[in-house]
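Line by line, the protein sequences are chains A and B.
The numbers in our numbering rise by one with no breaks, and the one at position 173 of the first sequence is 161.
Just add 4 to the spot in the second sequence (first one is 1) and you have our numbering.
The hints are simulated quantities; they were obtained by calculation from the structure and are not laboratory data.
Careful: at least some of the hints might be erroneous.
Heads up, simulated DSSO-like pairs for lysine-lysine below, C-alpha to C-alpha not over 30 Å straight-line [to be verified]: (1) Lys211(B) to Lys181(B); (2) Lys280(A) to Lys84(B); (3) Lys217(A) to Lys7(B).
Selected chain B positions facing chain A (in silico; Cβ < 8 Å) [to be verified]: (4) Thr56; (5) Leu59; (6) Pro60; (7) Gly64; (8) Arg74; (9) Ser78; (10) Leu81; (11) Val87; (12) Asp91; (13) Ile93; (14) Glu96; (15) Leu98; (16) Phe115; (17) Gly116.
Computed from a predicted structure; not experimentally measured.
For glycine and all other residues, C-beta sits at the position ideal for the given N, C-alpha and C.
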Amino acid sequence: MNVNVKLNTARYCAVFISLFALFVLSVIWSINSGSVSIPVGEIWRMIFRKGAIERGELAADASAFNIIWKIRLPRLMLAAVLGGALSLSGFLLQTFFRNPIAGPFVLGISSGAKMFLAVVTIALSAWIPTVPVAVTVAAAFLGSMFTMMFALLFGGKLKNMSMLLVIGIMISYICSAVTDFLINFAKEADIVNLTHWSMGSFSAASWRDVRISALIVLPTLLCVFLLSKPISAYALGEGYALSLGVNVRRFRVLLILLSGVLSACVTAFAGPISFVGIAVPHICRILLKSSKPILMVPASFVCGAVFCVFCDLVARTVFSPTELSVGTVTSAIGAPIVIWLMVSRRGGQAQ
Amino acid sequence: MDKPYFELRDLAVGYNGKPLLSHISLSLQRGGIMTLTGPNGSGKSTILKTVTRRLPAISGQVLLEGEDLRFADSKVLARKMAVVLTDRIRPELLTAFDVAAAGRYPYTGSFGLLTRRDRDIVLDALSRVNAAGIADRDFSALSDGQRQRVLLARAIAQEPELIVLDEPTSFLDIRHKIELLEILRSMSRERGVAILMSLHEIDLASKISDTVVCVSHDGISAFGKPEEVFSDLSVRRLYGLERGSYNAALGSIELAAPLGVPRVFVVGGGGYGIPVYRALQKAGVPFYAGILFENDLDLAVAAPLAASVVKCPAFGDLTEAHISAAKALIDASSAVIDSGCPARGTNSAKAELLDYARSRGKRVVAGGVSEVMS
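Excised from the complex, chain B in its bound form (with noise of 0.2 Å):
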């Protein structure tokens, strides 16, 4: 693992001679899966139809094995890079096996005819793709999940060392999406395939990937395993977010919190408040949440929905501070939420918390979101 296998070496990338981006230097192993992510625009495709050369380089080197693509021999590179587009092909009366049989094109000879052993390659790749059963059918009359998996065993026909996949993962419900992520990941493993893809799915990106790179307007923003490189803070700044929010540890989204003064207290914990929450947020009712520990599920989403949370440390104990805390915001609010968590060990402070609320003539409104809403 001395030498990288494929590597971009202070490339630009752009069209008609403008760099978009510049200064790429990326490196991917054999077996590697790299993630470019990004905003829509950032120029993650530019990157990939340079790398694919469809666009040539402004400057800079894409090198595969050490050697320039720029002077590589397409024959030669087509038996070791296989891409998947996002072009929209409709081609006319050529079944899946067809199409996958496309992959062959740097095998056969000048016929394009298909030996026995190509057949075998290609239905092979048809079945890797869960493809194997739709063979016969007209791939103009598939459905987008089924011509994307088609394409992947097209690629995978090609026998290719990189395969390169722009948002292989667009037009995908999120079944197929996993399906193809697992398909890519099994390539990688079993046959030592590099993969370089785009994908704007952050989430997606962190648990597939190797490295990922962020790509943002103003370059290579960040680049690593996805762990280094996605914090909570990183993923809004590469997007811009400035409403709503990206929990890392979850690879959760949440919207942005309601604007105004909160009149409603929630007691939650142990995940029992995140509905509730998520209902005031659709319902564009601001909010208090308490009393959470640090480490409960709930607060991943009450953090980022919540006008304030009383929080108390992480195997921490519950004090008198605290206490008085959410109960200064229940003062504050017209009426107490109880979504249901049991009032026992850790939460026993639930109990007193209702309690204070009733005997200072809140309304007090127990479980569902449906009543709540109310």
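Next comes chain A alone, as it looks inside the complex (with noise of 0.2 Å):
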């Protein structure tokens, strides 16, 4: 028993380190490529150096500055932050739906998220030229719960994991067309930010972006990491949980707040980006050979960030000068994950 605690605690240890050492390559890696060729040690000199060079003290070329700093910095930090929550968001409903395919994206969270945030901007259109960050965040946020309803009212009757997910992708397809349909009535100059992120990219990031999601994303980062513990008692059921002692009421509406605050920002500075709700909670599974809470959250947020990095990585480079939708990316690789998912379940686990 003493062996197999030690060689657990190695695999996890291990999992850690490689998924920080991950991090941090496809960071290096995403600073150091892009359509401009920028010698690595001059990115560092203007990364470690920053200061100096604004101040004048340090010679460096300005439009080089300002697409490390303005360009690509935010963009990977948003890309890091919003995968985080992504995957994070992606594992709290599997945990609520004791299913491992449910999502925000295939449970139509984040196309009800958009349509609230497409009908906002363009009623709001008429008296303000832009809509404050505060609001379409709240926007977002009152749609993934509009939509989460009805993934409750419908799924919570399925036991069944393929309905949940044909409700889902209904649900998606209803929004979607609620959402065009207001862009085609729309006047152009009010709807170009609209169509540019319903596709899901990271490509207008700021780090005014970067600050406010960080500073949802975080905090309710640390409030999951906490509800390790319940979310834990609450893999055996919910009579189990109830039994030794979790208020299960209150626990569900956690559950669901807290993965709509992050589905929400996610869809608010991002659009909606599909599978890696699914894809990256379901790799670290298999990754810790555990279901474990305590170690699911933060390997999830982690590995959620690598993913969310490296995806959008190939999705400006690989195609360069053409830049993909980071949504395009993540559906190739986390839909197949999903189909694999499926097909592996119906053999082992029989309703």
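Using the hints, build the complex out of the two chains.
Right under this line is the structure:
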């Protein structure tokens, strides 16, 4: 027994060390690549001697400096924060529905957030040219809660995991149809931003976005981490959780609110990005060979960050100068994982 | 033992405010085993769900050490009451040890990390249910019997004073049923844990329980020691058995007697006749049986299955009247089956009956079931 406990600890350490190493690696790689090539030494100097360059004590190419500080760094930070948020949101939904293929995108929650965002943007465009960030985040949050309600209403009754998926996709189609309808009848100028991010992209990232999303996501991450213990009890089912002293009703509401905040934040800043919420927690489970939430919460977050930074890197460099939307890349990687998950489960765990 | 440890006081249970069963008043002492039995859908699970606070009580009280559970703090209650539910859980990537360790939840800190002592308690609970060897196996890959034992270990690791189990023996084969009940008994005797469970096997219920409660569609129909509650008749009434029967002394169930006019007479006794009676019942052949003393094991099976049995009082004398009654039934039959019981002592009338049958030209078949069927 003790031997096994030690072995597992070694595995957990190895997973976390490699995830952090991968994160550092993907960050470095991401800063170094792009359509304008900047020497590595130059990049490091620009990052670590930023103050000196700004004060004019150190010479540097101004346009390269701007590319690093105003484009690449905020974009990569936003991808990291929102990637972590997305996969954490997926993990929470999987816990809630006790279904490994639940996630903000397949349940239609992202599309719902997008729809509310479109409604608010178009409605307000008559009075104000740019909608304040607080309003976009709030609209996205309301949208996710609204669609989550539908998923709960229909999905809660269905114990069958494929049916939940079907309902989620239907909700997603309805929301997309409404969004498309609104965009069709909106004025060109109002919707430039809408069509851009309705595909999901980190390209418009600014430091302000990074700051605000980090302010929302990191405290939420902390809350989720503090919920690890009840999440682990909930894994055995509601009845057992209740008898262990978990306030199940409050716990379920918390799960919904936290995952809603996370997916709303992602939608507000980057648009709907698909499959990260399912693929990343699943990869983490395989790596850790465990579903203990105290490991899964931090692992999902870091792994999600790595995954999105990497996918964004692929999106902007592989077909350069043409840039793909990051949602395209995450779908290409994530959807096969979902298919594999469903097929491999059919045999092993009959309903 | 003045105040009961656990008590239901005029409880009404049901769904959505509609009472399914009402006026339930029961009490259980520390170390006592109380079993709810009754037909499917009678509300055993509903009572257990209410007791474990999964359902609100419609009226009345559930008291643990005199305290109303409605107002009990759920964290304190978790250290007193553990459950084994019928819910089929399928956790992902959790070992048997992890599942059993969930029982330590009420004792661990805010991150649920196990201390050395917690680990020892979990391992001890697992070895108590003979599951220490499978501690490292994936829970979802275990057999039903192993899972149920691990779930029981989970409840034991919770170090409760009361364990509530809903149909713990469903999905288990007979060996695992007995094993599970033995563990429950040792928990109650050695640790003074009170046990409240539902079982639909009345034979097992009567053997394990200190108290049985018959839950029928109209409410609690009986409550008391198994030997007081279970009679052949009360069980038939509880389950609405119209065909078939239950023998309280043996705890055995017999199917209904074949219908029709009997053409066969079975000469049995001392248990020799039992396989013959059962074989005839399976083949749907109605039969007579005799001559059986009332304390004969054969009678427990012959009485519910035979169309008519020639009986002789226990410890009494076999008289001419019994023999002529048997001869009358042989006259009505076309064949006589000799079950192979020895024809000596009190059973010496057997030879006389067989001779009589031959003299009247009846076919006399000896011995085994296969000969009889041909």
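Tested hints:
Simply put, lysine 211(B) and lysine 181(B) have alpha-carbon atoms about 12 Å apart, close enough for the 30 Å limit, and the pair holds. Restraint check for lysine 280(A) and lysine 84(B): satisfied, since their Cα atoms lie roughly 26 Å apart, inside the 30 Å limit. Between lysine 217(A) and lysine 7(B) the CA atoms are separated by roughly 36 Å; this puts the pair beyond 30 Å, and the hint is violated. Interface hint at threonine 56(B): satisfied, since its Cβ lies 6 Å from the closest Cβ of chain A, which is below the 8 Å cut-off.
With a cut of 8 Å, the hint placing leucine 59(B) at the interface with chain A is violated, because the nearest CB-to-CB distance is about 11 Å. For the restraint placing proline 60(B) at the interface with chain A, the shortest Cβ-Cβ distance is roughly 12 Å, beyond the 8 Å limit, so the hint is violated. A hinted interface residue such as glycine 64(B) counts as satisfied when its beta carbon comes closer than 8 Å to some beta carbon of chain A; here the least separation is about 20 Å, so the hint is violated. Of the supplied interface hints, the one on arginine 74(B) is violated, with its beta-carbon coming no nearer than about 14 Å to a beta-carbon of chain A, more than 8 Å.
A distance limit of 8 Å between C-beta atoms decides the matter here; for serine 78(B) the minimum to chain A is near 4 Å, and the interface restraint holds. About 7 Å separates the beta-carbon of leucine 81(B) from the nearest beta-carbon of chain A, less than 8 Å, and the hint is met. A distance limit of 8 Å between C-beta atoms decides the matter here; for valine 87(B) the minimum to chain A is near 4 Å, and the interface restraint holds. A hinted interface residue such as aspartate 91(B) counts as satisfied when its beta carbon comes closer than 8 Å to some beta carbon of chain A; here the least separation is about 5 Å, so the hint holds.
Hint on isoleucine 93(B) holds. Least Cβ distance to chain A is approximately 5 Å, under the 8 Å limit. Evaluation of the glutamate 96(B) hint against chain A yields a held restraint, the C-beta minimum of about 5 Å falling below 8 Å. Annotation: interface hint on leucine 98(B) holds; nearest CB of chain A at approximately 7 Å, less than 8 Å. Taking 8 Å as the C-beta contact cut-off toward chain A, the hint placing phenylalanine 115(B) at the interface holds, the least distance being around 6 Å.
Among the interface hints, the one on glycine 116(B) holds; its C-beta lies about 4 Å from the nearest C-beta in chain A, closer than the 8 Å criterion.
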